[in-house]
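2 protein chains.
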Amino acid sequence: MAAVQGDVLALSGGVGGAKLALGLADVLAPGRLHVLVNTADDFRHLGLYICPDIDTLLYTLSGRANSTLGWGLEGETWQTMSALEQLGADAWFRLGDRDMATHLWRTEQLAGGMRLTAFTALLAERLSVSSHIHPMTNDRVRTIVHTDSGDLPFQHYFVRDQCKPAVTGFSFDGISAAHPNRDVMRLLQQKAFAQVLICPSNPFVSIDPILQLPGLWLALRESPAPVVVVSPIVAGLALKGPAAKMMAELGMVSSALEVARHYSQRYPGLMDCFVIDESDATLAGAIRELGVEVAITSTVMKSRADKQDLARFALGLRGS
Amino acid sequence: MAAVQGDVLALSGGVGGAKLALGLADVLAPGRLHVLVNTADDFRHLGLYICPDIDTLLYTLSGRANSTLGWGLEGETWQTMSALEQLGADAWFRLGDRDMATHLWRTEQLAGGMRLTAFTALLAERLSVSSHIHPMTNDRVRTIVHTDSGDLPFQHYFVRDQCKPAVTGFSFDGISAAHPNRDVMRLLQQKAFAQVLICPSNPFVSIDPILQLPGLWLALRESPAPVVVVSPIVAGLALKGPAAKMMAELGMVSSALEVARHYSQRYPGLMDCFVIDESDATLAGAIRELGVEVAITSTVMKSRADKQDLARFALGLRGS
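For the record, the sequence lines run as chains S and E. Under the working numbering, the residue at position 219 of the first sequence is numbered 717, and the numbers go up by one with no gaps. Under the working numbering, the residue at position 1 of the second sequence is numbered 499, and the numbers go up by one with no gaps.
Bound-form chain S, shown alone (with noise of 0.2 Å):
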C-alpha cells in the first residue's frame, strides 16, 4: 500500500490518464481512488451517447482495455462497423461490437431519466471496478476546435480527422452554465481527499475543461490537499496523443516547462508539485522560478510496474 492515508483524487481524461488511474488503483486500497473524468470529448453519433474517456477509465480499470489499440475493448470484432460501411453510412468513429453494449445501455438509460453520474456508477458496479468514475459533471459541456479549417467539434478534430487541422484555441461549450459533479465538490467541502493527483492527460482538452467547471479549480487549491501535477510533454513530446503538436500550432515550445507555465498562469496557487520525467531534469529550475515544487521520476509507463511506480511516487508527494 501507498505511503497516503486517505482518499485520493485523480483528474483524467482518456488514455494517457487512465495509465496512471490503474496504477493508483493497483497501490491504493479498493474504493479509495476516485477520479473525475473529463466528459467534454462526450457526443452523440449514430444516435448513442458517447463517453470516451470513461469508457477508457472503466475498460482499463476494470483490465478490459485494448492494449494493441490503445481504446477499446481487448479481442474486440468490426461486424456493426463493416455493414455499416457497406451501407454507406458514417463509419469514422470506430465503434467495436462489444462496445457498442456499452453506448447502447448508456443511451437508453439517459433517454430514460438517469443520470450521467448514477449509470456510470452502475456499469463501474457491473464491471468491478472498485475506484469511484465521477463524470466531471452531468451537463453538458463540449470542446470546439478553432482551427485553420474552422472551428470544429472535439471528435470530428482527433477521430475523423485525425487532428491535421492546425489549432488555434479551443472553447468548451456550454461550461459556463454547467456544475461540476456534486459528490465530488461535497467531498472536497468536507476535506475527504488526501491528495490530488493530475494525470498526465492533454492539457487543453482534458484537463482544462474539468479545471474550468465553475467553482471546480477554486475548491482544488481551497482544499488542504497538496495538487501533484504530473507533465504529459516528456523530452519535448507527447506520449500519447496530440498535447505537442497542439502547442507548436498555439506557438508555444512543446515542453513540460511549458505545461507547468500553462497550469500556473491559468490555475495560480493551484498547484503543489510538479512531476516530470528524469530526461526533463534542466528544466526544474525553470519550473521552479514558477513558484511550484519539482519531483523527478522515470514517467513513461510502459509496463504495469511502471504504472504503479509512478502512482507510489506521486502520491509520496506533498508539495511546499
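Some hints here could point you the wrong way.
Listed below are several chain S residues computed to face chain E (Cβ distance under 8 Å; list not exhaustive) [stated by the list, open to error]: (1) G545; (2) I548; (3) T578; (4) L582; (5) L585; (6) G586; (7) M598; (8) L602; (9) W603; (10) A609; (11) R613; (12) R624; (13) A733; (14) D804.
Honestly, the hints are just simulated from the structure, not real lab data. Ideal placement from N, C-alpha and C gives every residue a C-beta, glycine not left out.
With chain S fixed as given, assemble chain E onto it according to the hints.
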C-alpha cells in the same frame, strides 16, 4: 415472366408475407413489385428505431435473410447481445451485430429528419432491392395486444413473452390520425396496379393495421385491380407465428374459412379471390358463400420454387 401486366401491390407483414414477396419479385420484371409493409410492429428498443417487418422484407428480397433462424441476417454474430447480457441490460430482443447497423443508421437518419419512407427507399437501394418497399405510413401506429396479462406492446407480447399470454383483442394506437403511404395512395388513384395481393401474413397484427389506415381499404376496393388474399392458415394451423393460437383465444375456429370471414366482414367487398391450400379444399364451398371466389393450390412455401409457383398462381387470378 408472369402473365399479369402492370405493377403489382402486395400487402405484407414479416416472415410469412416476405416468402410470397420473394416469389413475386422472382417472377415479375424488376421494379414491378410494390410491397406495402406493416409498421405497427415497429418499436424503440435500446434507443434504436426498429422496423421488424420492413427489415425482414429487405433482407429476404436482397438474399440476406437468415434461413435457419427465420429472421435477421444470414451469418450473423451476436457480440453486442452477449455484452449487453453480461452488463445486465435488456437482452430479450435479439439484435445481431450486422443487423445493428441497419437500426443505428435508421435511428440516426430519422432523428435527423428523414422520413421512414425515404430511409426505406435508401436502404433498399443500398441493399440492391429493386422492388419498392413502402412502409404503410410515416406516422406512428403501434399494435397493442390486449391479453389476460394486460395490454402489451406488440414486441413485448411477441418476442419477450413469446405469445404466451391469451389474446382478447388488438388495438392500433395512433391509427386514426395516421396517413397511409402517399405514394401507394397516389398509385392507386392512378390505377397503376394490375393486381393487389394480400400475403399470407397474420390477419390481426400484420394486415389489419395496414387495411385500417384511414382511407386505405376503400381505395383498394375502388381500385380496378382484383384483390387476391392468400390464406395464412393451412389445415387449421398457422405456418408461421401465432395466428392460429390467436384465433382460438378469440373464440374463432382456426381455419382458412374464418380468415376469409374476418376479411369479408371487416372489409366488405374488398376481396375478389381467396386462395386456400389443397388440404383445405373442403372449405371452398363455405368460403364462396361469403361472396368471394376461391382458388385452390399448394400454398406451403418451402423451396424457392414453391414461392415462385404460388406467386405465378396468385398473379393469374382475376377474381369474379
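Item to complete: Would you check whether M598 of chain S satisfies its interface hint, that is, whether its CB is within less than 8 Å of any CB in chain E?
Response: holds, 5 Å
Practice prompt. With a cut-off of 8 Å on the beta carbons, see whether T578 of chain S makes it to chain E.
Written response: Holds. Min distance 5 Å.
Worksheet item: Against chain E, is G586 of chain S within 8 Å by beta-carbon distance?
Response: holds, 6 Å
Item to complete: Using Cβ atoms only, decide whether R613 of chain S comes closer than 8 Å to chain E, and label the hint accordingly.
Response: Where the cut-off is 8 Å and the nearest Cβ of chain E is about 16 Å from R613 of chain S, the hint is violated.
Worksheet item: Quick one, is the L585 of chain S hint okay against chain E at 8 Å, beta carbons?
Response: Hint holds; L585 of chain S Cβ to chain E Cβ min 5 Å, cut 8 Å.
Discussion item. Under 8 Å is the threshold here; is the Cβ of G545 of chain S close enough to any Cβ of chain E for the hint to stand?
Written reply: holds, 4 Å
Worksheet item: Is the interface hint for A609 of chain S satisfied, with its Cβ closer than 8 Å to some Cβ of chain E?
Response: holds, 6 Å
Worksheet item: With a cut-off of 8 Å, does the beta carbon of I548 of chain S approach a beta carbon of chain E closely enough for the hint to hold?
Response: violated, 12 Å
Worksheet entry | Proposed interface contact between R624 of chain S and chain E, which counts if any beta carbon pair is under 8 Å | holds, 5 Å
Worksheet item: Holds or violated: is there a CB of chain E closer than 8 Å to the CB of A733 of chain S?
Response: violated, 39 Å
Worksheet entry | Per-residue hint verdict: W603 of chain S, partner chain E, C-beta under 8 Å | With Cβ-Cβ at 4 Å, under 8 Å, it holds.
Worksheet item: Quick one, is the L582 of chain S hint okay against chain E at 8 Å, beta carbons?
Response: OK, holds: L582 of chain S within 8 Å of chain E, min 4 Å.
Violated hints, listed in ascending order, are 2, 11, 13 and 14; each of the other numbered hints is respected by the structure.
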